[in-house]
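Asker: Sequence:
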Amino acid sequence: MIIWRGWGVLAFVYGAIAMMLFAGLASTMVAESALPFTIAAGLAIAAVATWFTGQALNVTQPQKKIDEWHAARRQQLDALVSSGQFQLAPGQAPPSSLEEARAQSEQLLQHELQQAQRARNGHTLFWIPMQYWAFIFAGIAVVVLVLGIVGVVRG
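Sequence positions in the sequence shown follow the working numbering and run 26 to 180.
Please keep in mind that the hints were generated in silico from the structure rather than gathered at the bench.
Wrong hints could be hidden among the right ones.
[Unchecked claim] Okay, the calculated beta carbon distance ranges per label pair:
(1) G116 to M44: 56 to 62 Å
(2) E125 to F77: 42 to 48 Å
(3) V167 to E93: 35 to 41 Å
(4) A104 to V34: 41 to 47 Å
[Unchecked claim] Lysine to any residue pairs mimicking SDA-like chemistry, simulated, CA-CA at most 25 Å apart:
(5) K90 to N146
(6) K89 to W32
(7) K89 to A144
(8) K89 to Q142
(9) K89 to A104
(10) K89 to Q135
(11) K89 to Q101
(12) K90 to V34
(13) K89 to W152
(14) K89 to Q139
(15) K90 to L105
(16) K89 to V34
(17) K89 to A74
(18) K90 to Q132
(19) K89 to W76
(20) K89 to R145
(21) K90 to G147
(22) K89 to L35
(23) K89 to V73
(24) K89 to G147
(25) K90 to L133
(26) K90 to L138
(27) K89 to L102
(28) K89 to R143
(29) K90 to I153
(30) K89 to Q100
(31) K90 to Q135
(32) K90 to Q80
(33) K90 to W29
(34) K90 to W152
(35) K90 to H136
(36) K90 to D103
(37) K89 to L138
(38) K90 to Q129
(39) K90 to E137
(40) K89 to Q140
Where is the CB? At the ideal position from N, CA and C, for every residue including glycine.
Can you make the complete structure from the sequences, with help from the hints?
Answerer: Written as structure tokens, this is what we have:
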């Protein structure tokens, strides 16, 4: 069973395609002694693809959306403060001065921003954010490469 969230399944797809192309297909074209090197190359390519896709989906795009939301929310809170309508929460006393209202709105905005930052890393495979699968693929590629070198040296 494969467990993923969002587009995290792409990490599995990249790894599977790399293994099909660089292990399965390459086994019909290269000598058996060269197969570990093609597998390592395929896993390295899968690692690069997984890293850049994961960074885009889990870091870059969410941060862009958070920045857009932050700017809009700041304008909204500034408008409420300047019009005298800002209130920290329903039922609470309104701020007694403009400075207090600004401080409270900034505190509220920072709290909301911290909550929004938790929206990152939504694309996972087995609860591991997608971009970190690149390190797993790269580690496996290094192990396969070392085993291939040892196999060639032993003859």
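Asker: Does each hint fit the structure? Answer for all of them.
Answerer: Cross-check of the supplied hints:
no.: 1; hint: G116 to M44: 56 to 62 Å; result: holds (59 Å)
no.: 2; hint: E125 to F77: 42 to 48 Å; result: holds (46 Å)
no.: 3; hint: V167 to E93: 35 to 41 Å; result: holds (40 Å)
no.: 4; hint: A104 to V34: 41 to 47 Å; result: holds (42 Å)
no.: 5; hint: K90 to N146; result: holds (13 Å)
no.: 6; hint: K89 to W32; result: holds (18 Å)
no.: 7; hint: K89 to A144; result: holds (12 Å)
no.: 8; hint: K89 to Q142; result: holds (11 Å)
no.: 9; hint: K89 to A104; result: holds (23 Å)
no.: 10; hint: K89 to Q135; result: holds (17 Å)
no.: 11; hint: K89 to Q101; result: holds (19 Å)
no.: 12; hint: K90 to V34; result: holds (22 Å)
no.: 13; hint: K89 to W152; result: holds (23 Å)
no.: 14; hint: K89 to Q139; result: holds (15 Å)
no.: 15; hint: K90 to L105; result: holds (23 Å)
no.: 16; hint: K89 to V34; result: holds (23 Å)
no.: 17; hint: K89 to A74; result: holds (21 Å)
no.: 18; hint: K90 to Q132; result: holds (20 Å)
no.: 19; hint: K89 to W76; result: holds (18 Å)
no.: 20; hint: K89 to R145; result: holds (11 Å)
no.: 21; hint: K90 to G147; result: holds (13 Å)
no.: 22; hint: K89 to L35; result: holds (22 Å)
no.: 23; hint: K89 to V73; result: holds (22 Å)
no.: 24; hint: K89 to G147; result: holds (14 Å)
no.: 25; hint: K90 to L133; result: holds (19 Å)
no.: 26; hint: K90 to L138; result: holds (12 Å)
no.: 27; hint: K89 to L102; result: holds (20 Å)
no.: 28; hint: K89 to R143; result: holds (14 Å)
no.: 29; hint: K90 to I153; result: holds (22 Å)
no.: 30; hint: K89 to Q100; result: holds (17 Å)
no.: 31; hint: K90 to Q135; result: holds (16 Å)
no.: 32; hint: K90 to Q80; result: holds (14 Å)
no.: 33; hint: K90 to W29; result: holds (22 Å)
no.: 34; hint: K90 to W152; result: holds (23 Å)
no.: 35; hint: K90 to H136; result: holds (17 Å)
no.: 36; hint: K90 to D103; result: holds (20 Å)
no.: 37; hint: K89 to L138; result: holds (13 Å)
no.: 38; hint: K90 to Q129; result: holds (24 Å)
no.: 39; hint: K90 to E137; result: holds (14 Å)
no.: 40; hint: K89 to Q140; result: holds (15 Å)
Comparing the model with each earlier hint shows no violations; every hint is respected.
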